[in-house]
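> Each chain, written out:
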Amino acid sequence: MSKNRRYLRLAFVNLLVTSTTTFVAGAFAGAVFGVATVGAWVHAVFGLPSTISDGETVGAATGFAVATGLTVRTYRIYRLGTLTSAYALAEPPKWAEFLVMVLSPANRGDALVGDLNEQYVDDCRAFGEARAKRRYWARTVRTIGPLLLRAAGKIVKWGAVVAVVRRFF
Amino acid sequence: VEQLTTLEQHLLLAVLGLHPKAYGVSIQDHIKDRTGREPSLGSIYASLDRLEEKGFVKSRQGEATAERGGKRKMYFTITALGRHTLHESLQAINALSHGLRWKGATA
Chain R
1 MSKNRRYLRL AFVNLLVTST TTFVAGAFAG AVFGVATVGA WVHAVFGLPS TISDGETVGA
61 ATGFAVATGL TVRTYRIYRL GTLTSAYALA EPPKWAEFLV MVLSPANRGD ALVGDLNEQY
121 VDDCRAFGEA RAKRRYWART VRTIGPLLLR AAGKIVKWGA VVAVVRRFF
Chain H
1 VEQLTTLEQH LLLAVLGLHP KAYGVSIQDH IKDRTGREPS LGSIYASLDR LEEKGFVKSR
61 QGEATAERGG KRKMYFTITA LGRHTLHESL QAINALSHGL RWKGATA
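Here the protein sequences line up with chains R and H, keeping their order. Under the numbering used here, the residue at position 68 of the first sequence is numbered 68, and the numbers go up by one with no gaps. Under the numbering used here, the residue at position 52 of the second sequence is numbered 52, and the numbers go up by one with no gaps.
Simulated from the structure, these hints should not be mistaken for laboratory data. These figures come from a predicted structure and were not determined experimentally. Some hints here could point you the wrong way.
[To be verified] SDA-like mimics (lysine to any residue), calculated; alpha carbons at most 25 Å apart, straight line:
#1 H:32 x H:72
#2 R:157 x H:9
#3 H:54 x R:144
#4 R:133 x R:99
Just chain R, with the same shape it has in the complex (with noise of 0.2 Å):
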């Protein structure tokens, strides 16, 4: 066998067996600790996300959307001028958030895009990502109206009050 062909053996070796360990990481990482967590447990785990190889990278994020149901995106980035990967939960449209938090009630914003985003979780592991983010934005249009509604009615009650003040100033 050629000097070529056995770093070639080697290297596919190695990649063979950091993908199945970081795949075996990934899974027991999302059945263990969750959705959240699993950032944080794979960075501590492998170093920094710019420490992070393709290999690792693949490995763990396919054992953990095994385990969860959850599609976890890779994509690479080149920092420093050095191509390495990285690694992203799928994440609800930030349009529809920004939309349902800018048309709350005040101090309710943050608790109805939590809701929503509990509810995109669940039909992530129900019918997966692309079924999800369909239902976030249909839920978010059923969302809004009622909101317009109420901000409306706080308009028109405020503005019905200073009539009635400016008539006696």
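Starting from the known structure of chain R, arrange chain H on it as the hints suggest.
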């Protein structure tokens, strides 16, 4: 006595039934399981906002979980005034439906 809409009755009953763990999603599930209707989270929060202004419910911040993207829950509890108003409202429905002859009363 303050008049309550059907949704407000449902919300107060859900808040009472889920005490002390009544928040947006649990209230929505509770109403859906028992009535088959699924009010949107927007209408739930808008109505609860109105009920809180009238002094029928109180809200408090809860815990933030990972699945909620770090956003805190908001728990609702019914007040004595809310309980009294709900009771009166349900009594009115009972009084209206008492003694009705359902058979043969349709057009």
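> Each hint: holds or not?
Hints versus structure:
no., hint, result
1, H:32 x H:72, "23 Å, holds"
2, R:157 x H:9, "24 Å, holds"
3, H:54 x R:144, "23 Å, holds"
4, R:133 x R:99, "15 Å, holds"
When held up to the earlier numbered hints, the structure conflicts with none and fits them all.
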